[in-house]
Amino acid sequence: MLELHNLRKTYGTLVAVEGTTLKLEPGDIFGFIGPNGAGKTTTIKMLATLIQPTAGAAFIDGIDVAKYPLEVRPLLGYMPDFFGLYDDIKAWEYLEFFASAYRIPKSDRASIIDSVLELTDLTEKKDAYVQSLSRGMQQRLCLAKCLVHDPKLLLLDEPASGLDPRARIDIKALIAELGRMGKTIIVSSHILPELADFCNKIGIMERGKMLVSGHVDAIVRQLQPGRRIAIRTLGPTNGLRKSLEAFEAVQTIVPDEQDECALTLDFHGDIAGEAALLKSLVDGGHDICSFHETGLDLEDVFMQITTGKVQ
Amino acid sequence: MAISIKKMEGLWSNPVIARDMRVRLRGGRAFVNQGIYLVLLSLIAMMGYAMSTRDGQMGMMDPVAAQQSLRQFYYFIFTTLGGLVSVIAPALTAVAIVSERQRLTLDLLVTTPMTAMRMLTGKLLSSLAFLMLLLIMSLPLSSLCVILGGATISDVAQAYSFLITDGLVFAAIGLAFSCTAKNNSQAILFTYGAVALLVIVTGMTGSLVVSYGFSGRPASGLPLCSVLSVLCPFLVSIIPSTSVSVFGLNVPLWIASGILNVLLIRVILTGAALKIGMYGPTLIRSLRIQVLLLTALGGYIVSTLFTARPFMGGGFDSRWMFYIWFGMVCFLSLFMPALFGPHAPEDDPPGATFKEWYAPRRALSADYAGALPYFHMWLTCLMGGTLIGAAIVSAGSTGTLATSVSGLYMGSAAIPSSGRGFDQLCNIAPAAWFYLSALGFLAWSIARRAAWISTGSAPARAMTFLVFAFILLAPGLVLLTTNSVNDNPANESSLLVQLWLLAPLSIGNGSAFRYGGDSALLMRSGALAYFLGTIIYPFWLAITPGAGSRKAARTAKETG
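Chains as they are written, first to last, in the working numbering: chain D, 58 to 368; chain E, 111 to 670.
Don't read these hints as lab results, they were simulated from the structure.
For glycine and all other residues, C-beta sits at the position ideal for the given N, C-alpha and C.
Accuracy of the hints is not assured; some may be wrong.
[To be verified] So the derived list for chain D, only partly shown, Cβ under 10 Å to chain E, looks like this:
no.: 1; residue: Leu127
no.: 2; residue: Leu212
no.: 3; residue: Met238
no.: 4; residue: Val273
no.: 5; residue: Phe304
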């Protein structure tokens with residue numbers, strides 16, 4: 058569906074995006090993570106045919122974005138991080154304007170507008186002036202605009218920025234629903250927990266470079282080859298630590314600084330090994346009240362991969 | 111026919127028109143504004159009527175004086191409407207695109223399949239629709255002129271058609287500045303400045319037409335003045351209903367001016383469209399072709415005006431035409447560094463080599479190798495148009511198309527003697543082409559070399575301008591300070607004069623053309639400019655081994 062081959066953008070001597078390579082399939086929701094100035098928006102703008110790449114190529118549904126921008130545009134829906142709305146225009150008129158721009162036949166427009174308003178939960182606001190809508194509703198209206206022509210690829214640049222928690226949850230649910238409908242979605246954000254809920258792939262970008270990209274699980278596994286296990290006991294963990302050091306599969310033991318009864322360890326073994334470890338600890342007389350696996354979350358992944366430098 | 115009707119339907123189904131009209135005419139505010147407009151217009155008309163008819167004392171006048179008064183009332187009404195068009199039409203579009211950009215809605219539009227041209231056409235037609243609404247609202251007042259006898263229906267219809275085309279041109283100028291300006295106030299300032307300049311220049315050509323009307327002397331090139339003066343909305347009621355002779359064919363003025371305005375609007379919109387979003391080479395190609403056509407047309411109009419200016423006294427001197435050409439080339443040279451020269455180094459293909467510096471088949475694309483061939487094409491169109499115009503005017507004694515074309519084909523000898531210097535023009539034309547192309551080549555070479563030395567566009571442009579200005583002006587300044595020019599013809603053979611590239615413009619009291627067109631001087635200076643330009647860029651590129659790869663390496667290093 059979407060392929061980037063060494064996509065590069067420079068402004069004079071400044072390298073905004075350096076050799077980004079990526080492949081996404083239909084239904085993929087790709088979380089684009091990176092600090093401000095990392096090159097996320099530039100990459101999205103190149104895909105949205107707003108900026109010409111300096112080198113490399115991007116293909117949407119097999120069509121070269123730089124060579125055939127007009128052919129690519131019907132395939133994508135673009136929602137920028139900052140967008141404006143026209144004054145003195147109603148929500149349905151706004152959508153009709155874009156439906157007309159996407160050359161949707163006049164006879165089909167009314168039904169399409171109704172269905173995208175329903176999908177974005179704005180049916181009640183159909184006749185409201187766009188400037189009277191709340192920020193969250195305007196975000197959803199812009200998303201509805203992206204959907205009027207049923208695009209295959211959605212480019213959403215910081216879609217939840219500036220929204221209150223409820224509106225944030227609404228827009229997350231909407232994006233997840235669109236992913237289930239088979240659309241390929243690229244969502245950029247630097248609010249990581251937001252992306253963790255619905256992205257199946259992520260890419261981390263810093264200073265124009267794509268540091269890592271792929272399935273979330275694969276990246277976590279790559280960064281954390283073993284299993285991380287959290288243990289909690291009834292008393293202090295001093296004795297437990299000594300017992301654990303005797304196990305070869307236990308690599309690192311990190312006591313919890315806040316809680317003397319808890320620790321985490323990296324375990325290089327399979328699930329049967331995990332069971333055997335628990336059994337031997339219990340048999341060894343340790344009062345284990347909690348023993349469970351914890352994975353790295355996106356924030357851990359981000360912090361491990363990035364250096365914090367900006368351009 | 112079916113296709114063109116479909117295209118027209120597509121034109122009016124443009125979403126931008128529907129949205130703009132919806133927003134402009136929505137609510138009570140539009141109704142109130144239009145009401146105020148009508149009241150003001152009526153008051154102005156009443157005032158004009160009172161002034162023209164001496165407080166309405168028509169019954170006391172003799173019929174001729176009464177007719178003149180009513181004619182003045184007609185002039186007054188349409189001058190007022192012209193003023194309104196001059197003010198309102200640019201305002202309708204001057205902020206159309208820049209406000210979309212500031213409101214952050216432009217990116218949303220650009221990512222739709224709507225092309226920039228379609229977007230701009232929509233903006234233009236929506237402003238036209240609004241302008242027409244305002245003009246239609248003025249119909250009750252202008253119809254008074256017909257009812258009272260101050261003008262005929264055809265007078266009023268022609269004046270309205272001119273007002274509409276003027277409004278369209280002004281709106282297109284507004285759109286162009288709207289695409290290039292950084293903010294609303296800059297767009298408004300530049301738009302009104304450009305419109306004011308256009309109104310002044312076309313007003314001057316209009317004054318020639320009016321003075322011609324009083325003199326009663328024949329002037330074959332004068333209707334072309336009328337074509338230009340139509341662009342002054344204050345004169346739409348004064349310009350006589352006439353025809354323009356184009357290649358021997360009599361074309362009604364409103365058609366000729368309409369065609370010229372459509373060409374002008376198209377080239378303005380194409381240039382403006384290049385400033386919006388990421389569009390392929392198609393627009394650049396289209397723009398370059400349009401500029402070539404307009405250049406040829408411009409040369410034609412200028413030469414017919416200058417070779418047929420009996421009311422200004424004296425015959426035509428080819429020196430003037432040469433100075434006009436020179437001015438046009440200098441004007442283009444100002445843009446050459448921007449158009450053809452200092453792109454950032456990475457914009458050039460890494461393997462740029464000597465073989466690629468001149469590629470005529472890439473003349474219409476945005477490619478530095480096609481820049482110089484395009485300049486040569488442009489110069490050829492300019493001179494071609496000029497010579498055709500001059501030939502037609504010179505052959506004007508018989509005035510037929512066949513005579514004109516044969517005159518051009520056969521050379522000056524076959525053209526009846528006009529006494530207006532066309533034979534001189536023909537004599538110097540090849541040398542003048544060579545000389546002017548050499549100056550363009552020199553500017554281009556300096557610009558290309560500056561692009562290789564400098565990493566950014568701004569320093570490269572500054573370097574180009576300074577070096578070019580130094581080469582052209584420094585010998586002249588030395589000659590002037592030592593009183594070597596004009597006073598002592600013997601100094602014309604001095605080395606400094608030989609090296610001065612502007613020598614053909616200023617040597618001696620009678621200039622280079624005092625010998626009836628000194629082609630030798632033009633050829634000598636042109637050859638020198640070509641020699642300098644060749645050393646500065648193509649020769650340097652040829653003798654520098656691996657220049658392309660070295661540049662690519664440097665670019666790669668600079669870009670990290």
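Checked hints:
no., hint, in the structure
1, Leu127, "holds, 6 Å"
2, Leu212, "holds, 9 Å"
3, Met238, "violated, 21 Å"
4, Val273, "violated, 28 Å"
5, Phe304, "violated, 47 Å"
Of the numbered hints given earlier, the model fails hints 3, 4, 5; all others are met.
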